[in-house]
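Protein chains: 2
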Amino acid sequence: MSENGVTARRSKVLTIDTMNATVKKVEYAVRGPIVQRAVQIEKELKEGAKKPFTEVIKANIGDAHAMGQQPITFFRQVLALCSYPELLKDGNFPEDAKHRARRILQGCGGESIGAYSGSQGIECIRQDVARYIERRDGGVPCDPDNVFLSTGASDGIVTMLKLLVAGEGRSRTGIMISIPQYPLYSAALAELGAVQVNYYLDEEKCWGLDISELQRSLEAARQHCNPRALCIINPGNPTGQVQSRQCIEDVIRFAAKEDLFLMADEVYQDNVYADGCQFHSFKKVLFEMGPEYSNTVELASFHSTSKCYMGECGFRGGYMEVINLDPEVKEQLSKLVSVRLCPPVPGQALMGLVVNPPQPGEPSYTTFMKERTGVLSTLAEKAKLTEQILNTVPGIACNPVQGAMYSFPRITLPERAVKEAKEKGQAPDMLYCMKLLEETGICLVPGSGFGQRDGTYHFRMTILPPVDKLQILLSKLKEFHQRFTQQYS
Amino acid sequence: MSENGVTARRSKVLTIDTMNATVKKVEYAVRGPIVQRAVQIEKELKEGAKKPFTEVIKANIGDAHAMGQQPITFFRQVLALCSYPELLKDGNFPEDAKHRARRILQGCGGESIGAYSGSQGIECIRQDVARYIERRDGGVPCDPDNVFLSTGASDGIVTMLKLLVAGEGRSRTGIMISIPQYPLYSAALAELGAVQVNYYLDEEKCWGLDISELQRSLEAARQHCNPRALCIINPGNPTGQVQSRQCIEDVIRFAAKEDLFLMADEVYQDNVYADGCQFHSFKKVLFEMGPEYSNTVELASFHSTSKCYMGECGFRGGYMEVINLDPEVKEQLSKLVSVRLCPPVPGQALMGLVVNPPQPGEPSYTTFMKERTGVLSTLAEKAKLTEQILNTVPGIACNPVQGAMYSFPRITLPERAVKEAKEKGQAPDMLYCMKLLEETGICLVPGSGFGQRDGTYHFRMTILPPVDKLQILLSKLKEFHQRFTQQYS
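For the record, the sequence lines run as chains A and B.
Per UniProt numbering, the first sequence runs over residues 1 to 489.
Per UniProt numbering, the second sequence runs over residues 1 to 489.
Treat the hints as calculated values from the structure; they're not laboratory data.
Among the hints, erroneous ones may be present.
Said to hold, decoys possible - The calculated lysine-lysine pairs, modelled on DSBU-like cross-linking and capped at a C-alpha distance of 35 Å, are:
no., chain 1, residue 1, chain 2, residue 2
1, B, K335, A, K330
2, B, K469, A, K46
3, B, K469, A, K335
To be verified - Some chain A residues judged to face chain B by a derived CB distance under 10 Å, without partners named:
no., residue
4, Q36
5, H65
6, L164
7, V195
8, A221
9, C225
10, R228
11, L376
12, I472
The model shown is predicted, which means the values in this text are computed figures rather than measured ones.
All C-beta atoms in this analysis are idealised placements derived from N, C-alpha and C, irrespective of residue type, glycine included.
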């Protein structure tokens, strides 16, 4: 407070020392320093800087369209029709696209996607989501009132975590997350001031989830906090594993026994590539386990328009389904989401199309299926290619990319490199990735951004670049790894 | 923790008693119980229920398209082109729309609005925002690096508040907000656990802002918290006043003297109707006051695609500009927004069009200007109509609707009505609005949802219904008020 009025050297109200301390703790590696440097290098290249490469390849983030994947024609046709309904008179648009567009517009206030929707999302889209879930889960019923559309899956996940966090000191809420994890979780927990409870995936067993490790982690956590929820990402991010039905059943049994709220991040549900692997939703398995479980275990599951075969990240579409949520808590959830008015309506429309795509016999069906299958089979090919090539490099060990969009190989780093990084106050795999970026233009995320067992090092690499570019990327990476190892030996 | 394994009657992990207590404190009247009842009544009407009315008129929320306002053709053409670029070959689209669409697509990864953008927003759109601000503010420079695109203005406001909240007990951050206020502010402050510091607008002086009231409020707050920021909504929501240049200068001087961070919610900047009133941005006035102020006072200002002449709420587009923000805090801000990846890209595109509309000489200019002027002049007409008719009702006193989209008239309620409400544990104006809804189908928001001086009662009503419907609404409201007064006298 100044007593002599204003002076030109008045200090700031808001400084790094006086700002929200929990925000300072937030970290988000997928868009961290390495990506900032990549953006900078791109600008330098544009301005004519000479580098040992001509372009930056961003394999740091699951951003399919940015890597050249084409949108699904039907989805974009319907979105164009919804945006500019004058096009409903245009003979070049197929009838099924027009029909979907009319249905969405009828669900909107004033038949405009420019109107706010209900905070929980447009009703007819929530109904379509419910029917999609029922089909996916072999007929297990889904009530549209349990479906909340969201601004990407991230929004739903953060909202559920927000409801769960309570207590102080030893009774502060703990949230169990896998390590390696997707850093949205650690960032949200830091911001909410919840206790992050780590359980480790087993790299030796293809990043499998082991119940005894869950038990160990839980018991350790109970010494200092109140663990209340267990988060699972399946198929895995960053680790690319696909959980077996048995494993999911074991996890549900564990959650029931230990009174844990389950959060199932299932945004990669269509991204399953490996032979013998199959996606099982937590909800389906829960209901197959009978009423003892399906009537009691609290579950929130999350989906998104950003991944799978559509890769429509920019629209920020998503939904969550809540099972066995206490009705009073559900009311609080409805109230909470109403403050932000509604998820973006174009994203809602897109989510509605994903859960209600063209059907056999409709004019757009053949093209839709061709495009969908094309994307998924190319991803499967790239998953295999990535694993195979990486495993030819001495000092790199890559588990099969069973699903999702990432490989998370382990890298052996020479002791001298580890030492140099530590002297610089840098994570050793950050040193590695930063050098890789500067020398080759390849942008990956160091394993330390996701968490890993002490003394192990990894990176996350998406499998999204087009096949020819991916091959170049992998061979450059191979050369780099050999050079790096030699240099520091 | 259960020791005997699962039982069918296992209690919930997450209950109203064990959930996040701060979330329970959140209230959001604009979508509160009255709106839930309105939605229910709409369903009852659809199912054939007999009511004294045939439709619910929602004058509770600034949702222009839901009230029949038509979108701006040019904006929707560009959005359709961006959604389905195949249309760029279509001869029916004007060249300027195609040009804008190409520019936006070139700013997107893979030239697709389905790619993530940078977390701060698409660069060329931030540049367009900066140029718009410069034009609006008579040449005051704007750095695109200070512009953050957001998911509606709400997102930007909550993000800035999040950075500001710190301290415990007596040093907990206090945030000054006007009463009446827009309940996003109280909801966000409750959720963040900040101290809400009320200053009252002067209803007798057309909801004017008085510096001595700011001073009173600040000094009272300093007894129990650390007031750090002052929020202003101009033009006002829910009160519809437009601040004079002098008033803004006084506020800035006050903020500078008292070391307060300024937050200027300017989402209604094009919604100014009253003769002699004009919109002045806080930034412009700040810079006109000279370097003593423009180099020191920290300011965040907010804009949106949801209001003004476009009313595109569903797209959740918006931006904030930060002035004099500490560079380290700005880095933290960039990091914080990166966790949610990016604002919805269609909303970003729309924001880009709002700040860069068709120019004289371009093919879409005439139609654009006609549509824009049409919407704004109709709104001006409805603002006047609302004020005039309401003021003919004994027991209703309505200040001029100088700007924004709302009237916030004061209503005199008979003592017996106040008593009955209190017996029911209800706010008296909630009783009034609920009865109005049940008897006439008109949905308004009680003044108690925005805050008001003790013992006074108000409602907020949008001026958005079409003129003929607005007239019916106002005459029904008049009848109702007379009936209500009689009934309780």
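Query raised in the report: Between K335 of chain B and K330 of chain A, is the straight-line Cα distance small enough, at 35 Å or below?
Result: holds (31 Å)
**Report entry** chain B contact restraint for H65 of chain A - C-beta distance below 10 Å
**Finding:** It holds, given that the least Cβ distance between H65 of chain A and chain B is near 4 Å, below 10 Å.
Report task. Verify the interface restraint on Q36 of chain A: the C-beta must sit less than 10 Å from at least one C-beta of chain B. Result -> Hint holds; Q36 of chain A Cβ to chain B Cβ min 9 Å, cut 10 Å.
Query raised in the report: Taking 10 Å as the limit, does the beta-carbon of A221 of chain A come near enough to a beta-carbon in chain B?
Result: violated (12 Å)
Query raised in the report: Does K335 of chain A lie within 35 Å of K469 of chain B when you go C-alpha to C-alpha?
Result: It holds: about 30 Å lies between the C-alpha atoms, which stays within 35 Å.
Query raised in the report: Are the Cα atoms of K469 of chain B and K46 of chain A separated by 35 Å or less?
Result: Not satisfied, since the Cα-Cα distance of roughly 56 Å exceeds 35 Å.
Query raised in the report: If you take the shortest Cβ to Cβ gap from R228 of chain A to chain B, is it below 10 Å?
Result: Interface hint status for R228 of chain A: holds (6 Å vs cutoff 10 Å).
Query raised in the report: Would the stated hint for L376 of chain A survive a check requiring a Cβ distance to chain B of less than 10 Å?
Result: violated (17 Å)
Report task. Using 10 Å as the Cβ threshold, decide whether V195 of chain A counts as touching chain B. Result -> violated (14 Å)
Query raised in the report: Holds or violated: is the Cβ of L164 of chain A closer than 10 Å to a Cβ in chain B?
Result: holds (6 Å)
Query raised in the report: Would the stated hint for C225 of chain A survive a check requiring a Cβ distance to chain B of less than 10 Å?
Result: At about 13 Å, which exceeds the 10 Å cut-off, the nearest Cβ of chain B leaves the hint on C225 of chain A violated.
Requested in this report: Answer holds if the nearest beta-carbon of chain B is closer than 10 Å to that of I472 of chain A; otherwise answer violated.
Outcome: Hint on I472 of chain A: violated, closest Cβ of chain B at ~18 Å, above 10 Å.
This entry does not satisfy hints 2, 7, 8, 9, 11 and 12, going by the numbered hints stated previously.
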